[in-house]
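S.K.: Sequence:
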Amino acid sequence: MLTQGADGSMANELYTVRGVLQGVTGESDRAAVYMTEGAFRELMVFPEGAHRIIVRRGDVPLDAALDEVKRVASGHDVQRWKDLIPVIAVMLESTRAG
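The opening residue of the sequence shown carries number 3 in the working numbering; numbering runs sequentially from there.
If you're looking for bench data, these hints aren't it; they were derived computationally from the structure.
Each hint should be verified, as a subset may be incorrect.
Said to hold, decoys possible - Okay, the calculated beta carbon distance ranges per label pair:
1) Glu95 x Ala66: 18 to 26 Å
2) Ile87 x Phe42: 19 to 27 Å
3) Leu16 x Glu95: 39 to 47 Å
4) Thr97 x Asn14: 32 to 40 Å
5) Ala91 x Glu39: 30 to 38 Å
6) Glu95 x Val35: 26 to 34 Å
7) Asp9 x Arg98: 32 to 40 Å
We put the beta carbon where it would ideally sit given N, CA and C, even for glycine.
With the sequences and hints as input, model every part of the structure.
M.R.: Listed below in structure tokens is the structure:
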């Protein structure tokens with residue numbers, strides 16, 4: 003596996019494949035790996051804590067969900083996906099307008 007560690011370093015390691023899951027979609031099949039938390043933390047140079055927590059909002063409007071998550075996670079950086087990935091947000095808005 004070759005990736006970038008949380009500290010910006012090049013993270014690479016050889017692992018033995020222990021199984022292959024039934025395919026879900028081409029994109030997820032190429033982008034997903036299941037590994038133990040210990041192996042992940044060692045590879046990614048990330049000994050403790052959480053890097054990112056993603057909240058799915060269901061039928062709740064985005065701004066209402068954002069306010070609730072900010073309330074629950076006070077003291078932590080809470081952002082909308084549209085602010086994290088503005089290029090995709092603009093593309094989606096353009097598509098909807100068309």
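S.K.: Next step is simple, just say for each hint if it's right about the structure.
M.R.: Okay, the hints, checked on the actual structure:
1. Glu95 x Ala66: 18 to 26 Å: holds (19 Å)
2. Ile87 x Phe42: 19 to 27 Å: Since the Cβ atoms of isoleucine 87 and phenylalanine 42 sit about 23 Å apart, the hinted range of 19 to 27 Å holds.
3. Leu16 x Glu95: 39 to 47 Å: holds (43 Å)
4. Thr97 x Asn14: 32 to 40 Å: holds (38 Å)
5. Ala91 x Glu39: 30 to 38 Å: Check passed, 32 Å falls within 30 to 38 Å.
6. Glu95 x Val35: 26 to 34 Å: Once the Cβ atoms are compared, 32 Å apart, the range 26 to 34 Å for valine 35 and glutamate 95 holds.
7. Asp9 x Arg98: 32 to 40 Å: holds (39 Å)
When the structure is compared with the earlier hints, no violation turns up for any of them.
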